Amino acid sequence: MNREELRTIVLEELSAIAPDIDIDHFDDRARLRDEYDLDSMDALNLLTAVHQRLGVNIPESDYARMQNLQALLDYLETRVENC
Amino acid sequence: MSDFLMPSMGADMEAGTLVEWLVSPGDRVEKGQVIAVVETAKGAIDVEVFESGVVEECYVEPDTRVPVGTPLARIGSSERVVAGRPGSLLEPAVLAETVSAEATSAGPVAEPSKFPESPPAPSPQPETDRVAASPAARRRARELGLELGNINGSGPGGAVVLRDLAQAADDKPRHEHRRSGAFDRDEMRQAIAASMSRSKREIPHYYLATTLDLHAAEHWLAEYNREQPPEARLLMAALFMKATARALSRYPDLNGHYDEQGFHPAERVHLGMAIHLRGGGLIAPALRDAEAQDLPALMSRLQDLVQRARSGGLRASELSSATATVTALGERGVDTVYGVIHPPQVAMVGFGSVRRRPLAVGGMLAIRPAVDVSLAADHRVCDGHLGARFLNEIDAQLQHPEAL
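Going down the list, the protein sequences come from chains B and Y. Taking full-length UniProt numbering, the leading residue of the first sequence gets 1, the next gets one more, and so forth. Taking full-length UniProt numbering, the leading residue of the second sequence gets 1, the next gets one more, and so forth.
FYI, nobody ran anything at the bench for these hints, they're computed from the structure. Just so it is clear, the structure is predicted and the values come from calculations on it, not from any experiment. Just so it is clear, CB atoms sit at the ideal spot from N, CA and C, and this is done for glycine as well. Be a bit skeptical, because a hint or two may be false.
Taking beta-carbon pairs under 7 Å as the criterion, some of the chain B residues facing chain Y (in silico) [said to hold, decoys possible]:
#, residue
1, 20
2, 30
3, 39
4, 41
5, 47
6, 55
7, 57
8, 60
9, 64
10, 68
If you want a taste of the chain Y side facing chain B, the calculated C-beta under 10 Å gives, among others [claimed, not checked]:
#, residue
11, 62
12, 226
13, 229
14, 311
15, 331
Next up, chain Y with everything else stripped away, as it sits in the complex (with noise of 0.2 Å):
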């Protein structure tokens, strides 16, 4: 029997809003299956549960803002659903240390009675279909005190997006209530703006930067798109992220996490991949085990990743886990990034724009596609030897694109 917390989705979060439970008391429950619906600052994200098991009792109601490290429901072992809770187990010892005073007097900690103490009676529509929308649209729905099943959604998967909500809103007498935990873009600003400062107070950064020679991959990816339809062919960012993850498995002071103990590498690669919201903010999600994915597999993951991230529907795993960042600001016309580090990472690797550019090859002058890769990594788990060599095997791997 466990109980199962609020997540924290990155270091940038101190607290959530429980939107939607998928679940209710009674329902079986298995390893990673989506169960509740949270609020943050990076939109709405589908969290998992990590056991197996049955669930024993919702503590917390729809619609409240709890602080990280809150217990949400309680998992057990077998069908038996046991009324009441211990009481010891909501004891905050992992409560997040800063929490707003409007958090804390709306969660069930400061005020655990006002939750039943017996599991409640079956909802009378035991809905437990998430319906997909955006982000945006499941903020003015709530706002407007709109059901989002009964939209028609016209993005992408039938998902509901802003427009959506339009018609039905002309329907309904608008409501002036505006949630204080929902997302907004404002709160994502305020919440990126804490983690890169606490990255640059608490993080020695140094920054190393070369520029890498795309004819290979260039060549290879024109030859292997040729032959593909739209749906299956590959981006460049693919032969870079591959390339970092394989990198980073052999530079594993580069990927892992440091905390109090200090650093943690990690084993396997998960990631992150800085995505770019429409309209503003950032999300950087992780490719989990990217380093053993083949190059078709990790296209299509990160075409889903970037979908979802704008559509809504990551999970909390795919926000916490990331062991390293690649940020690729891709076309945006720079020909070098400089990352800040996300903690509690110690790495971010950034790609600039491809171009065409002079380079000098066998001892001639030629015009070839290239990027600038850049590192900025921690410079209290390695130093900028490490770091070179790390950006030379990334170097190493785009050369040689058909072993990716």
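Next up, chain B with everything else stripped away, as it sits in the complex (with noise of 0.2 Å):
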């Protein structure tokens, strides 16, 4: 799976928990907290849907380094890529 193929499938998610984001111009680098207004169960929703769409388990000790979008795909890819 690309970035790029990832990148939809999160955006796509977000979208669901946030619906009155923006994802067709969304900004990569934005912090999702301030910027997009996402709350701690946003964020855990978010990685719930992460959890069984892509099957990585993201451990709480890891939330801190995933503060926007940009973060959350560097992540993602190295996992997604060890499957």
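Please assemble the complex out of the two chains, which come individually in their own frames, going by the hints.
Now the structure itself:
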């Protein structure tokens, strides 16, 4: 799975969690919490969706490293390749 | 036999628009079954029936805005469908005082004769499955004259959301008719303003706040979540809700409703949770029997409530039953939130953001995760002495997260 496919999947799930987000003009470097107003429950729902769709179980201790979409995709790229 | 009434979903609601019947005359219904969808300032709400029986007649046609308390349907105890209806059932004894002229003239109370005296023939398409859709999408679809059932939903659980309507809208000429009863942001703002004005006018609030050390709670939570896949993890918010529910059950003077007759403590804790609706607005549905739920159950119900608050499908009973409310601004970056009590409740508990802060621990300075918890309570019912003990009880509960 390439990065663009990963990005599409993550944005799809993000859009289900926060339907008001404009995913066509998404800024991958914007902080998910501040710029897109995602709270801890939104973040947990996103990780749940990622686990269910990609099989990647992201531990809580890695949350802090994923402040924007770019960082999340970097993280997922290595994990999905290893699958 | 009884009438099924337009329910009140909070002190701030005066009227609602019946959007959809999910049953037809002759249908048997069970207590708790969702039988209608009503649109209010809080969006489209599923309305349950409070007794089992048979729908004998639907008085109000879809797309009609009526005041709270207006009879919507007659529920009988037998299979026999009664033609006509006794006029006495429609006496407007329970109508809200303030009814807009428009609502009155459109409603069945002013013009009961425009509704059929006998049960209508079965609907040509007895579609009883409600299409899942966000309140905004539901409104837009109605403005555009689109059938939600014909649109593929891309939202949670296949719910139709606004973006799904874009394509469908292009295929159909747009008409400008704007429904007066539809949910919109301005209307929600006005409803919140009315309710909060009433609160500030009528309820003598007192406020207390204290800082809680969350070292034990955070440590326990990290250990618990380490073993769990994301779908089974808990959030600190679940611990806050459970600790608050437990404390409320020990301090019944803060848990209940205040009306003309005075204060009525509630036997159970139906804990309202203020949910920020993305893009503006606030809604506070209740987690029923929160004190009796274990943490995993409470957590999944929190998630479910948040999702349904945003995509539609909250139930009327969830919006009318809260006995006290928690507002958790969570990560919004403030230390302390002072809530405004949601009438007719008598207490609002607020949690600020969890942050690392210098605290005195055992005679030393330590950096600990901490949160400010606040209480806004009704002075007609209790005073700060009891309120302080209540906040300390929340603290005591959070020091033993394993027992929550």
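Structure-based check of all given hints:
At about 5 Å, the closest approach between the beta carbon of residue 20 of chain B and any beta carbon in chain Y falls short of 7 Å, and the interface hint on this residue holds. Hint on residue 30 of chain B is violated. Least Cβ distance to chain Y is approximately 16 Å, over the 7 Å limit. Annotation: interface hint on residue 39 of chain B holds; nearest CB of chain Y at approximately 5 Å, less than 7 Å. Taking 7 Å as the C-beta contact cut-off toward chain Y, the hint placing residue 41 of chain B at the interface holds, the least distance being around 6 Å.
Because the beta carbon of residue 47 of chain B sits about 4 Å from the nearest beta carbon in chain Y, less than 7 Å, this interface hint is met. Nearest Cβ of chain Y to the Cβ of residue 55 of chain B: about 10 Å, over the 7 Å cut. The hint is violated. At about 6 Å, the closest approach between the beta carbon of residue 57 of chain B and any beta carbon in chain Y falls short of 7 Å, and the interface hint on this residue holds. Restraint check, residue 60 of chain B versus chain Y: the minimum CB separation of about 5 Å is within 7 Å; hint holds.
With its C-beta approaching chain Y no nearer than about 13 Å, residue 64 of chain B sits outside the 7 Å limit, and its interface hint is violated. Of the supplied interface hints, the one on residue 68 of chain B is violated, with its beta-carbon coming no nearer than about 15 Å to a beta-carbon of chain Y, more than 7 Å. Contact between residue 62 of chain Y and chain B, as hinted, is not supported at the beta carbon level, the nearest pair being about 25 Å apart and thus beyond 10 Å. Checking residue 226 of chain Y against chain B: minimum C-beta separation of about 7 Å stays under 10 Å; hint holds.
Interface hint status for residue 229 of chain Y: upheld, as the beta-carbon distance to the closest one in chain B is roughly 6 Å, under 10 Å. Satisfaction of the interface hint for residue 311 of chain Y is found here, the shortest Cβ-Cβ separation to chain B being roughly 7 Å, below the 10 Å cut-off. At its closest, the beta carbon of residue 331 of chain Y sits 6 Å from a beta carbon of chain B; the interface hint therefore holds under the 10 Å criterion.
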